[in-house]
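Asker: Take a look at the letters that make up each chain.
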Amino acid sequence: MLKAKEIVKDFGGLRAINHCSIEVEKGSIVGLIGPNGAGKTTLFNVITSMYKPDAGRVTFKGEDITGLRPDQICQKGITRTFQISRELKIMTLLENIMLGFKDQRGEKIMRGILNPASVKEQERKNLERSLEILEAMKLYELRNEPAAILSGGQRKMLELGQALATAPEMLLLDEPTAGAMAGETAMVVSFIRRMREEQGLTFLIVEHKMEVIMGICDKIIVMNYGEKLMEGSAEEVRQNEQVREAYLGRGA
Amino acid sequence: MTSFIIGIITIVAIYCILVLALNIRWGYCGLLDFGVAGFFLIGAYTSAILISAPSESYLFGVRYTVGFGLSWPIGLIAAAVTSGFLAFLIGIPTLRLRGDYLAIVTIGVAEILRYVAINEKWLTRGVQGIRNIARPFESSFPAASLASDIIMLVLTLAILTLFFIIASRLFTSPFGRVLRAIREDEVATSFLGKPVSHFKMLTFILGGIYMGVAGALFAMYVTAIEPYQFIPTYTFLMWGCLIVGGSGNNWGAILGGALIMGLFIQGTRFLPSISGQPQLIPALRYIAVGILLIVVLRLRPRGLLPEKAIKTEETQ
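Chains as they are written, first to last, in numbering that gives the first Met the number 0: chain A, 0 to 251; chain B, 0 to 315.
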């Protein structure tokens, strides 16, 4: 479904990603791991067009999406979340979710002012759906509070909910459980599973918590120094000598 | 006295349109606009040139060709169009960049326009200014009459009301929701599939249209405009109004405009001069505005009428 081929990204003299290729199959959950500075987030940023790659192409469902604007990437069906969650703090939880929906008629300036029945009807539908999402995220009670009051884990849930509102085909989650407590982590994990089962969503996940990655991923890609070290099942990754070295250093 | 009060309400309402426009740009969308006076100027001069009677006169050897003698609604619409177009032109290179670039460019363009108005005498009559600008229905009600003042007041309040309603509806609409999201986090908003530059451009143009119309009303109301009426001080007075009133709240914009432009700037015109020093009161005005700003920021940092959180369920 998503293919990144021979991606190269330099920052000045530093090569953050060096001819890295990855592939994510439809309906799969793929984990992206590696030590700090391996280039995982940079690869995310290249795929979602936050950065332009210096070489290489990104294709989604066979279509070249390299260098599109971030909003166009989202329109194509890829939504991402951030390592440090970027919820909109002054806006209420409900507004955060409502913002996510695509093709909102009221986002056209004239229809926004005139607020015809067609806009109202769509808003009502989106509102219902938003409340469902908030309920699923266990954030329903806080729906009219500003997002700034949320805890770290709740922020991650809200961001996930916001991403869901965009009706994506594929989600790129950058450390979805960072800053979440144990219970919240379990919730995020079960949520990812459910979204795959119920809606057939495809996931690419960067995560540092190995128990999370090992538990939910069909395939794990290990990066080191901007290159793909290996890919395989959780078991294969666990057994791999090179991976251990990358994480723990060479044994004495 | 009646005409004085009508005059003050009219002029304050015109400035309130500017504050409202600044609220749309900054309060809704976070666009750092320091060029309010420039958009005001382009609106005022456009309408003044279009609605003034045609004349070809010589003054100090320069030939002036001011005036097309068109009707006032055309002046108003043209002011909206030119000012909106100016916003579009400024927006192309700046809106994709960080906010501070917009600030620099807008204040620069506003000053350039003022110097154009000072120097291009064939078009603007320079510092002499354009005089005898026609008011609506001037043939029946001459400019000095009370009836004419009332017509200007009604016209201004009607436009202010219309603009206020448009701005308020926009704030709670899905369009306004995107603007508030952009204000908070442009990057996150773009990753949610919103073409951020497009939204910023529309907002900037809408603000320009408001300011241009305010300029046209100003030209018709004062009937004589000159470059000095568009110095950057006015831009920062509008910022003062918005900050005191409450950024992000349209009622706050109006309150701030009424308080600073009405009470502090216009209201103090009738104070007797202190111990024969005519310069003292104008200077004290700005000191008073400064103190008001400090006090409000200290006690109510989000303004007298802060932005209200939107309860989406209630707007349904």
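It should be emphasised that the hints constitute simulated quantities derived from the structure, not laboratory data.
Everything numeric in this text was worked out from a predicted model, so none of it was measured.
Cβ coordinates follow ideal geometry from the N, Cα and C atoms, glycine included.
Keep in mind that the hints are not guaranteed to be accurate.
[As the list claims (entries may be wrong)] Which chain B residues face chain A? A few, computed with CB under 8 Å, are given here:
| hint | residue |
| --- | --- |
| 1 | 3 |
| 2 | 174 |
| 3 | 304 |
| 4 | 308 |
| 5 | 310 |
Asker: Next item in the hint list is residue 3 of chain B. Is there a CB on chain A closer than 8 Å to its CB?
Answerer: This interface hint is violated because 36 Å lies over the 8 Å limit.
Asker: Regarding the hint that residue 308 of chain B lies at the interface with chain A, is the smallest CB-CB distance below 8 Å?
Answerer: 6 Å, holds
Asker: Grab the minimum C-beta distance from residue 310 of chain B to chain A and call the hint holds if it beats 8 Å, violated otherwise.
Answerer: Holds: closest Cβ of chain A sits about 5 Å from residue 310 of chain B, inside 8 Å.
Asker: Let me know if the C-beta of residue 304 of chain B comes in closer than 8 Å to any C-beta of chain A, holds or violated.
Answerer: With Cβ-Cβ at 16 Å, over 8 Å, it is violated.
Asker: Report holds or violated for the interface hint on residue 174 of chain B, using the least CB-CB distance to chain A and a cut-off of 8 Å.
Answerer: 3 Å, holds
Hint check: violations occur at hints 1 and 3; the rest are consistent with the structure.
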